[in-house]
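Participant: Chain by chain, the residues run as shown.
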Amino acid sequence: MSIRRDTIAVILLLTPALWSNFHQLLVQWKSFESATAPYDVAQLGSEVQTFKEAGARQERVGYISDAPQDQAAEMLDVMHLQFHFIPTLVVKSTDPAFVVAHIRNPANASSFGLRNGFAVVRTCSDGFILLKRQLPK
Amino acid sequence: MILLLRELLGVALFWALGVAIVRLFARGSSTPAKFLILFLGAGIGAGTSSIIWFLLYVVAHLKPIFPIAFEIGSLSAAIWAGHRIAERRKEQVVEPKSSDFPGSRRWPKLLFALLVVAPALSSAAYFCMFSWFVPYGEWDGWAIWNLHARVLFNAVHFWASEMAALGYAHPDYPLLEPLAIMRLWVLGGRESPLGSILIGFVFTFATAGVLFSAIALLKGWWQAVVGTVTLLGMSTFVHLGAAQYADVPLSFFLLSAVVLVACYTVSRNRYLIALAGLAGGFAAWTKNEGWLFTAALLFGYCLLVFRQEMKTGLRRDIQCFGVAFAIPALITVLATKMVGSPSDVLRWASKLDSWLRLLEWKRISLVLANFGSKLWSLDNWIINPILVLAAFALLVGVEPRAAIRRTGLIGFAAILLTLIGEIGIYVISEHDVIWYVNTSLQRLYLQLVPVFIFSFLMFCRSPFLSGRTEPNVV
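Sequence order for the protein chains is U and B. Just so you know, we're using the numbering used here here: the first sequence kicks off at 1 and counts up by one. Just so you know, we're using the numbering used here here: the second sequence kicks off at 1 and counts up by one.
Please keep in mind that the hints were generated in silico from the structure rather than gathered at the bench. Careful, some of the hints might be misleading.
[As the list claims (entries may be wrong)] Covered by chain U, according to a simulated footprint, are these stretches of chain B (three or more residues, beta-carbon under 8 Å): (1) 114-123; (2) 226-238; (3) 379-391.
[What the hints assert, rightly or not] Just a few of them, taken from the derived set where beta-carbon distance is under 8 Å, the chain U residues facing chain B: (4) I3; (5) I11; (6) L13; (7) L14; (8) P16; (9) A17; (10) W19.
Fair warning: this is a prediction, and the values are worked out from it, not measured in the lab. For every residue, glycine included, the Cβ atom is placed at its ideal position computed from N, Cα and C.
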């Protein structure tokens, strides 16, 4: 009787705990899959329409931003200028030929490009730039 | 790859140092005791190495080779001292007299192993995927803890003034986690997200490890599985670790302090209460909430043992706890003084206006209502975890051993006193209460979740175990 009751108790507790554990993994896996799928320039919206002219229309394009959009300018300035805050990669493609970057500090753009083998193709207003992957020499 | 190896070596060094230090205080020959020493070593080592690097690298401005050499020297000394102590005294931790490892048949063992390994692997996979996607952590991760590490790494010679300039990024926050990350960057040779990911990973799974081994030691293997799966099933806890928040390292130290006090009340090995004090000190060195919880734990312990037969050694217990606590606590005070930016709580507490808010019933009721609603919606289980735990307790019944129940009571007393303190802080704060509660209360609860699970299971009878009626003390 006691063993049966213990079994019910353990199953009762472990079932929702295990469900929550595996459900979390499943949700993350789905978002992981969709996030690593390559984007077309057109999918990135009107913000990057101007880059179509640069020949990126048919290429796999990644997207990076150096910080979330909703931050105070003061915080960004201090992080970028004083501590060389590395851009937070939100790469939407595993191996993009082009990267649309939203980088407010130009110094970050050039340092990011140098570090990762990208060259700046075109700059746009509001900190948007288009980077192109350089072939290794 | 070389960066990964160098940073992994850095982790291995502080972990080995931590295990050697824990072995100076506690020894055990059973499997759960060995696991407990191993997992406690992760946090104790990270805390110890952060103090070494703070004093030698950040304050004294010595080259990195000196703190590295000091760590290796300390490790060698601790191993040597550990061997000498082992020769002098017997095993001094609580240990099960007989193993309740599930049955001699094969399938219960396989089921048991599956129940432990599967959620652990699932959580590890989630952690890795999330870290790949968000390598710099979420808001507090990159805007506070990793930013502080960047200041220490990039501006070590004038870190205090630079830190003080980060008015919006809580310059008063303690430095254990930023120093642990900075140390890996220095050892790796450059700033990389790998360092903060590794620190988050170690603390998340070491917390689960401490919970598992401590419950296995005091209550048996099945109860340990129940506790660990419940913790790993709290998806927000693992998420918080992957988000690189300091709340998870803090919860590691809070749990360690409670576990060590619990082991002490059963075994009466006074070294354990000193180690609990050290863990409490590291909690204060991790986040400001650590001060409150450690004070609550000590107060709760005194309150509960005062009426018991153990009160004869209470003064000595407090001395041992206090001396060990004082080491990281003094370092925390020194770092705060060097930055010169007082914490928000101390600033509010120094004003009469703040205390007058305690008379505003509307404000108090608002805070209490939020405490209730946030607790009810703590995690995304299909059935509310509070209901599930209550049903579990009703089915298995109450733990028959009074000594073990008392350890649970100490944990609950510490949680209760901490929550009362937190409610007070919310009420006297100058922030908008709703905003303050919405941005921090869930994390406060999650800091206490491992302690709650441990204390709760100390109260419940272990399933599939009926033979033992006395505490397992060697």
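Participant: Work down the list of hints and note, for each, if the structure agrees.
Facilitator: Hints versus structure:
1. 114-123: With 5 residues close enough to chain U, the hint holds.
2. 226-238: holds (count 8)
3. 379-391: holds (count 9)
4. I3: holds, 7 Å
5. I11: violated, 10 Å
6. L13: holds, 5 Å
7. L14: holds, 5 Å
8. P16: Holds, about 4 Å.
9. A17: Hint holds; A17 (chain U) Cβ to chain B Cβ min 3 Å, cut 8 Å.
10. W19: holds, 6 Å
The structure is inconsistent with hint 5 alone, although it conforms to all the rest.
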